[in-house]
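> Protein chains in written order, with the working numbering: chain A, 1 to 648; chain B, 649 to 1296.
Source of the hints: derived by calculation from the structure; they are not laboratory data.
Every residue gets a Cβ at the ideal spot worked out from N, C-alpha and C, and that includes glycine.
Heads up, a few of these hints could be off.
Claimed, not checked - To spell it out: a stretch of chain A is covered by chain B in this simulated footprint if at least three of its residues, at any positions, have a beta carbon under 8 Å from a beta carbon of chain B; those stretches are:
hint, stretch
1, 117-131
2, 223-232
3, 240-249
4, 564-577
Protein chains: 2
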Amino acid sequence: MEPGDSNSAAGGKTQSASAPPVEGVAGGGTSYGWVDGGLRGTSLGAGVIDHTKVHSEDLLHVWSMPSTANVSQQEAPRPLEKVNLLAARNERESFQIALRPKVSWSTSGIAGSVQIQCTDLCSSSGDRLVVDQSITLRRVVPILGVPDALVPIDPLSPQISLYPGETAAVWVSLNVPCGQPPGLYEGEIFITAVKTELDSSRTESLPKSERYRLYRELRSCLDITEPRDYSSPEEMVQRLTSASTTLRRMLDNPALQDCQESNGFGDMMDEDVMNNVSVRLKLSLTVWDFTLPVTPSLPAVFGISETVIEDRFCLEHGTEGWYDALDHHFRWLLQFRISPFFCRWGDSMRILAYTCPWPADHPKANEYYSDPRLAAYAVPYAPILSCTDAAKNSLRREVEILKSKPHWSKAYFYLWDEPLNVEQYDMICNISNELRSYSPDVRILTTYYCGPSGSELAPSTFEAFVKVPNVLRPHTQIFCTSEWVLGTREDLVKDIVAELRPDLGEEWWTYVCMGPSDPQPNWHLGMRGTQHRAVMWRVWKEGGTGFLYWGTNCYEKAMIPSAEICFRRGLPPGDGVLFYPGEVFSSSHEPVASTRLERILSGMQVMILLIMSPRLRNIHIKSSQSALMSRRVFVILLGISQRYLGAC
Amino acid sequence: MEPGDSNSAAGGKTQSASAPPVEGVAGGGTSYGWVDGGLRGTSLGAGVIDHTKVHSEDLLHVWSMPSTANVSQQEAPRPLEKVNLLAARNERESFQIALRPKVSWSTSGIAGSVQIQCTDLCSSSGDRLVVDQSITLRRVVPILGVPDALVPIDPLSPQISLYPGETAAVWVSLNVPCGQPPGLYEGEIFITAVKTELDSSRTESLPKSERYRLYRELRSCLDITEPRDYSSPEEMVQRLTSASTTLRRMLDNPALQDCQESNGFGDMMDEDVMNNVSVRLKLSLTVWDFTLPVTPSLPAVFGISETVIEDRFCLEHGTEGWYDALDHHFRWLLQFRISPFFCRWGDSMRILAYTCPWPADHPKANEYYSDPRLAAYAVPYAPILSCTDAAKNSLRREVEILKSKPHWSKAYFYLWDEPLNVEQYDMICNISNELRSYSPDVRILTTYYCGPSGSELAPSTFEAFVKVPNVLRPHTQIFCTSEWVLGTREDLVKDIVAELRPDLGEEWWTYVCMGPSDPQPNWHLGMRGTQHRAVMWRVWKEGGTGFLYWGTNCYEKAMIPSAEICFRRGLPPGDGVLFYPGEVFSSSHEPVASTRLERILSGMQVMILLIMSPRLRNIHIKSSQSALMSRRVFVILLGISQRYLGAC
């Protein structure tokens, strides 16, 4: 025991300052205090943390991550660096802000809340990208433990909660308008530790017990002032004095104290506070003098399950609410540069696919089909479900109206999903004969991943698959094959293409669904972000002229809008689900995009740029190297843009 | 198109009712609507859900899980069944309630909140286990994604938040008091979907704007009643009338309406509501007519890092706050039937270990050492850090005081953690000679996992390890070996035991730290709950007479109480960390237990029962079969208790 420390049996601190204390166990003991993390430490002290006096960088880690990163709850902090983005006009570019608490500053069971405020992005010539219009913030919510759902953050109260030991992510998207002047735009995002709404509601607003007290005091004050027959002026003075005393006590209520000073609009932080305590993420966006075309260079058609919408939103087919819901979904999906079609499955994988729920003679039909953002549309072959004369007549009228329109070149029929045998092939041929009698230039799309069983088309499975056009000609114009068939043999593309007759208007499209699986590109939950992006790059690399995806909302059945989202059994997680019902996450009816849908858009944008620069076709994009590729492609893209900048 | 549906180009519903609609893709397509989940569906409708009118079982899944389960966020729902527990008096038994939203009923970014209210458990003879005293609720919070921290739920507002697609868990502990009459106790836990506090604060309590209005009205009312020279009685009547009008208007504020009817204690739900809409989990506890002894049958000594407490809580060694913090930790850990010791590491793994921070002549020392819950205590060998004469004299005084007390039989000295070479062995022997000169019956504990290097003790590593008692005799009485040494050769225990001399008072204790690893029992994060429990069972099975664990609070260094908990590099997650600072999770200063610490208690309780029934020793407990074992052991335990019930 040290002298002068006689109250302690435990001895004093005797370690020398140079050798850090070592604590742990041998056979793999560990040092203590080496990973100090650089907390400003003593400035925070041991008491309750007052977040208004402490710089937010002492309270949380903030760093940026690319939109291809799956930022998990265990993601480790990185240094905060400036974010530099490049985008064409009419392009969306996204990145993520990762946040992780260093300490807890809330008292209500979470680590704390942060407010995220973005300035407009300004160019030196005074042009602006306006926050909320061109810049949006969404929080990344895990689905089956994988960061996926992008739930909008209320611009009026842009706060998110952080939990002890968990990394959270915010998805920031910049949408560059078509008319945006090119140049370098700069701005900042302020991330500020704040009281949680719950902390606030406990201290700033009136808790229940306080309301009861207030109520009782108001009542007793009213008892004093209530008109009656007064015995004397003295009694009235007495009553007025007594009422004043009660009122003054009520005004002294701690919950009303801030009402004296503040203006009542104190929810947004003032600039001084932000400058003093916020973490500032600097952001620059270079807008190229080049506009991505409104119409995608290549049609990507995506299914929306009509049945799921009817069930989940409790809508009866053909009612006003049903039309509204379909319309809402159609418009919302157009922003992702995809061409939606609604669908309903019949028996044996026959399918009713249609882009517009209204008949061709309805004004909405023209609005839908003429939309320049729509690259292709499915015409409903109604007899597929109910082969009545009325259905057939109505179909004939539809085709007759549509074939006279300029948008007819975008039309296709999608009749059957992956026909498997000769009987199903025959049905497609019969329908084709009917349709071609209405208009000889109809385009029929057929998806397939194998040849028809029960026919001796070719000796091997792959050859039977490759020979399908010989069987379906002229009853199919869009031969849409599964990427799964190629496996690791990407060179087999040439065999597929060799069988097609472009001179007859035949096209090769592709699709992904259950397969291919990792490490190939697909949209399954848990794949890397570059795999999600690379699906559309692969289309460009292989030279296909279109793409199909079977489902964007194919959750398991539910009859309540806010019901938990369950993926369907037998499918890889995320397969057939690219967005979620907003009702699951808040009171909003707006669908909630997945990170995968945003990466589809990102891949589409890159693909469009690649298509516009045919010289790049010979670059070898190997999907399994997609992480590496992403960097390489962006270097190339920067090259494209600079050529454009030079050319314009 | 169907007749009578002329507004729709999409066709009607034509599937027959018998064949469910099939939707998906072939080559692995999936059925739609087969996994219907049994939501009551149409009763909820498509609008905003009013949780007060809907039965909570339509809103969430509730089911129970054993305390050995790691209930992850992805845990799938199971049927709700009655919980039946068995416990001795002075025993704690725990289980978990798992909760998963079926739908979202909140509008504030979460799926919804639930209130969890437990009734007292009552026996048919009117005895009670009182909620909050004997029954506690804690929410299970993930650490590194593994459910581990048990954060107390405020009994005054027993609510937790549920998130879309995530399973949450509540840890329910029943503490049976020593004097509890035996019998069958029954009760219920009501789980009720409620508005979130955030929803409530928006609607029920006063929002900011309302508070400003109230403030202005109170001020203007005070302006009216404020005493002054009144010109006439009429003016006073006028003023009183006018004040009354203002007060009535304030009382009409919608935010105060519920104050009229309610009694001001409206946070708890009334019984009618609970009976109508709550999910009810029935709970029964059989209390055996047998009391677990207050003093553990076997000492389990656990380290608390003094250094970590000093750093994290910014406490200077020897100050009043420092003593308070150590005292708080000591008392809190006693509930887990372990015997704490504080520790500080010196160089070369020399260690200062002490159970009581006060010297032996301080009244607190007697209080600590005499506590019947303490099975063993470490006496500080202060010269280990500072080898001054003062330290040596003080040590001699300590031993002289202690050796005269009845609790001296619990005393031990822990001088060195895992000595590795002859030099370190020599130091232990020197200290031992000094200590034995003060009192010949001192007990010295030495931990080791190998023999000393630089000595030719034996030809093989294991033999050198087994021969350590030959080197340390008589300088060590408690030979504390690592379970890691045994590997899968549990039969080697007999070789260790064969070298010891019980006739000289020698004991065999064991410890776990980094090893053994999965599938052996240890307390690492992510191991199965039965592995956590089985550590103490293994002690019983192997016949050791004590157990040591190096650290309960050995986080990475931090200088702020609420700083994020980081595990130390180089250690398996959770190693050396059995509880967390309360400040990380709320404003509470109470430490937060891990599920692992609760499973240690559970394992200790079982071990105590097993020790009391020596006939069971020959049951083969294979740690890798611990899941199976848990059931078998509990059947055995039930047997013990029934024998006891018969005997008493």
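> If you check each hint against the structure, which ones fail?
When the structure is compared with the hints, only number 1 turns out to be violated.
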